[in-house]
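Novice: One line per chain: the protein sequences are A and B, in this order. Counting in my numbering, the first sequence runs without a single skipped number right up to 406 at its last residue. Counting in my numbering, the second sequence runs without a single skipped number right up to 406 at its last residue.
Heads up, some of the hints might be wrong.
Since copy identity is lost for identical chains, a pair holds within one copy or between any two.
Said to hold, decoys possible - Calculated cross-link-like contacts (lysine-lysine; reagent style DSSO-like; alpha-carbon spacing at most 30 Å): (1) Lys29 - Lys64; (2) Lys123 - Lys29; (3) Lys399 - Lys192; (4) Lys60 - Lys29; (5) Lys54 - Lys64; (6) Lys111 - Lys123; (7) Lys64 - Lys46; (8) Lys60 - Lys19; (9) Lys29 - Lys54; (10) Lys46 - Lys60; (11) Lys46 - Lys19.
Quick caveat, the hints were computed from the structure, so don't treat them as lab data. Just so you know, these numbers come straight off a predicted model, no measurement behind them.
Given next are the chains, with one letter for each unit.
Protein chains: 2
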Amino acid sequence: MGIVVQKYGGSSVADTEKLMAVARRVVKTAQQGHQVVVVVSAQGKTTDLLIEKARQISKHPPKRELDMLLATGEQASIALLAMAIDSLGQPVISLTGPQGGILTDTQHTKARIRMVDGARIKEELDRGQVVIVAGFQGLTPTNDIATLGRGGSDTTAVAVAAALDAEVCEIYTDVDGVYSADPRLVPEARKLVEVDYGEMLELASLGAMVLQPRAVEVAAVYGVTIHVRSSFSQDEGTRVREVDLMEREITVTGVASDENCAKVTLVGIPNDVNTLCHIFTSLAEVGINVDMIVQAAASKRTTDLSFTVTREDLEETLNTIAEIRSDQEWEVFADDDVVKVSIVGAGMMTNPGVAARMFQALTEADIPVFVVSTSEIKVSCLVPRARHVDAVQALHRKFELHAGK
Amino acid sequence: MGIVVQKYGGSSVADTEKLMAVARRVVKTAQQGHQVVVVVSAQGKTTDLLIEKARQISKHPPKRELDMLLATGEQASIALLAMAIDSLGQPVISLTGPQGGILTDTQHTKARIRMVDGARIKEELDRGQVVIVAGFQGLTPTNDIATLGRGGSDTTAVAVAAALDAEVCEIYTDVDGVYSADPRLVPEARKLVEVDYGEMLELASLGAMVLQPRAVEVAAVYGVTIHVRSSFSQDEGTRVREVDLMEREITVTGVASDENCAKVTLVGIPNDVNTLCHIFTSLAEVGINVDMIVQAAASKRTTDLSFTVTREDLEETLNTIAEIRSDQEWEVFADDDVVKVSIVGAGMMTNPGVAARMFQALTEADIPVFVVSTSEIKVSCLVPRARHVDAVQALHRKFELHAGK
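Construct the complete structure from the given sequences, taking the supplied hints into account.
Specialist: So, in structure tokens, the structure goes:
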């Protein structure tokens with residue numbers, strides 16, 4: 002039997018009782034003959050509490066020091082989980098991200114994993130131990146501790162699974178799989194048995210919240226099968242893997258939405274490549290991800306530009322833009338009262354009518370659309386926050402997703 | 002100006018307000034032109050809370066995992082202190098014990114520092130930064146995190162001061178120096194201006210609690226001057242350094258007492274070196290420190306043996322003894338209702354009447370003495386816990402310590 006990587010989120014290890022439940026599940030998997038690596042997040046609201054503690058001291062704490070502080074959250078949970086597993090008689094060892102060979106870049110608070118050196122993990126597995134690795138954190142080339150940003154534990158799990166050539170990477174969450182839409186918004190939403198990496202990537206990055214996009218990217222590159230399932234039941238969840246699209250009859254797999262976005266509009270900027278390039282380079286330099294981008298020429302000399310960023314990045318985005326703008330004449334507008342809704346499906350690329358049906362559904366429901374972006378497997382629209390639920394329900398109905406395959 | 006190492010205990014950094022007070026003191030020292038290294042403990046009761054959390058999961062958590070958990074306490078406080086210092090505009094960086102080059106042996110929960118590799122600390126100092134190092138923790142040769150046991154932060158500070166050839170190692174506590182006796186027991190106790198390493202070693206190891214004995218040992222070996230002072234005032238405290246004894250007129254410097262001891266008595270053990278050797282080797286192997294030892298031959302074939310250990314080690318001591326005893330006929334008695342009181346003074350070695358005066362004082366106060374041990378600079382007696390305060394007061398009076406030098 003092969004290596005199984007299991008990842009448990011913060012809510013799965015929030016207190017002693019839940020920790021013991023996770024410990025029992027881990028031990029059961031080990032007793033079935035698997036080598037088990039467990040990746041775990043900080044307990045419950047620990048990360049939020051630590052951030053709150055930092056904010057009491059400084060409004061803008063140095064990011065390196067914030068990482069030093071936040072990394073204690075996972076370090077505590079790996080130690081406690083190791084104690085729980087040990088108390089059940091199963092040999093076990095915990096490793097911090099740095100000890101586990103999780104090597105990252107130096108972008109503190111949102112570092113990316115560059116490589117996993119699996120030597121120590123393998124060595125400990127070969128001693129017959131369950132190995133617990135702290136999610137969300139790693140070691141920079143300068144021997145500093147960096148965190149991967151919210152949800153980075155998923156990425157840790159998948160990267161470890163890839164490095165160890167694991168059989169499967171099980172991601173345990175408080176939901177029991179990936180749905181055709183958020184069940185809280187659409188009661189008739191349906192659990193998907195399997196989704197393709199590309200679909201999951203769009204679903205995740207668009208706010209389905211079940212998996213971190215970076216984790217799905219890494220899984221796709223290394224062919225890691227992810228099994229998303231509930232830590233509170235034994236039911237099968239949703240498998241994320243390479244799906245043979247020839248066998249697919251359906252076009253749209255799900256409706257995703259992302260509440261964490263804010264729209265920035267620049268009116269009357271010079272219509273030349275240099276200015277645009279300067280804006281996006283400057284934002285990239287401070288680590289801000291720009292998502293949807295729409296450009297509309299207002300005249301030959303000037304143009305209007307809209308794009309979206311996460312709500313947390315809005316302040317820094319506006320500061321960065323302000324520096325570039327200096328004494329120029331263009332105007333800046335920000336609006337964080339928007340939500341992005343998207344339809345996702347790997348079959349979409351062969352079906353040109355999908356976008357049209359989407360606009361039809363939104364128009365029928367009298368929902369204004371601000372910005373549109375498309376990719377081969379999704380179409381996204383920015384709509385008013387107040388119409389969020391209406392939009393998702395209208396799309397779920399229009400594409401008959403409750404019927405399923 | 003040289004390097005100043007400052008060590009702040011858990012009560013000095015217990016909350017945001019106190020952290021800011023420490024930050025201001027650190028910045029002030031840096032502004033005077035010193036290069037400053039700060040060693041800091043976990044905030045307030047953090048370590049106790051973490052131990053409590055571990056105990057909820059397992060009565061006997063693996064020591065390696067306990068260290069993994071406890072190390073988060075200091076890691077959080079170095080990060081928070083760095084944020085506080087940064088908020089005052091002073092460049093600063095925090096380093097965990099492993100990052101700071103604190104290299105220990107593998108004895109988890111009571112590891113000893115084997116070496117300090119000061120390269121990273123020096124590098125960061127030379128960049129004009131205050132460097133904060135986590136006390137109480139270090140890196141084992143197997144790349145694991147080990148803690149030094151309670152109070153180990155003092156040792157970290159002194160070892161760092163030695164490695165960097167610092168001017169002084171300032172230890173900030175909630176008392177303002179070393180006293181001729183515990184002022185809570187003896188109201189007329191006097192603050193000492195300076196004490197010799199040897200005296201401090203006895204005072205510390207006998208429970209004066211102000212400094213860890215291991216810290217004083219390291220200071221003595223490397224000639225580090227320790228300045229014990231209060232974090233709540235600017236007053237001079239007590240300097241611990243090599244004191245020229247020729248200039249000393251007094252014999253006894255102080256009265257110390259240690260409540261953390263338990264007496265173990267073995268009755269009727271075989272009177273041969275092998276048995277004694279086996280007992281103490283076995284205790285050493287599980288990391289138990291034996292303190293006072295008294296042996297009294299009961300007959301030619303058997304002997305009685307008493308010794309003391311810390312109260313935490315009593316259970317493990319008795320378990321270890323039980324294994325050795327197996328089917329033999331000797332008996333074991335334990336008593337943790339005892340306290341060790343001692344008189345300490347570097348001048349003592351040239352004054353043979355001191356021990357006699359000590360017994361006289363205790364006899365006059367009608368206090369029974371169970372076990373006695375002597376060294377060149379101290380005499381210790383085990384007395385009933387109920388007579389603790391009486392004993393310390395009687396000795397302080399007898400040697401006229403309130404009068405001072």
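Novice: All hints are to be evaluated individually against the structure, with a verdict given for each.
Specialist: Going down the list of hints, with the structure as the test:
1. Taking the shortest Cα distances, Lys29 and Lys64 sit within 30 Å of each other only across copies (24 Å), while inside one copy they are farther apart (39 Å).
2. Taking the closest pair of Cα atoms, Lys123 and Lys29 come within 30 Å of each other only inside a single copy of the chain (20 Å); across copies the shortest separation is 49 Å, beyond that limit.
3. In this assembly of identical chains, Lys399 and Lys192 lie within 30 Å of each other by CA distance solely inside one copy; the values are 18 Å within and 84 Å between copies.
4. With identical chains, the CA atoms of Lys60 and Lys29 are at most 30 Å apart between copies only, with a shortest distance of 22 Å across copies and 45 Å within one.
5. Taking the closest pair of Cα atoms, Lys54 and Lys64 come within 30 Å of each other both inside a single copy (14 Å) and across two copies (29 Å).
6. In this assembly of identical chains, Lys111 and Lys123 lie within 30 Å of each other by CA distance both inside one copy and across copies; the values are 27 Å within and 28 Å between.
7. Within a single copy, Lys64 and Lys46 get their C-alpha atoms as close as 20 Å, and across copies as close as 26 Å, so both meet the 30 Å cut-off.
8. For the identical chains of this complex, Lys60 and Lys19 are inter-copy neighbours only, at 18 Å across copies versus 34 Å inside a copy, given an alpha-carbon limit of 30 Å.
9. With identical chains, the CA atoms of Lys29 and Lys54 are at most 30 Å apart between copies only, with a shortest distance of 24 Å across copies and 38 Å within one.
10. Taking the shortest Cα distances, Lys46 and Lys60 sit within 30 Å of each other both inside one copy (20 Å) and across copies (26 Å).
11. Taking identical chains as interchangeable, the C-alpha atoms of Lys46 and Lys19 lie at most 30 Å apart whether they share a chain (14 Å) or sit on different chains (25 Å).
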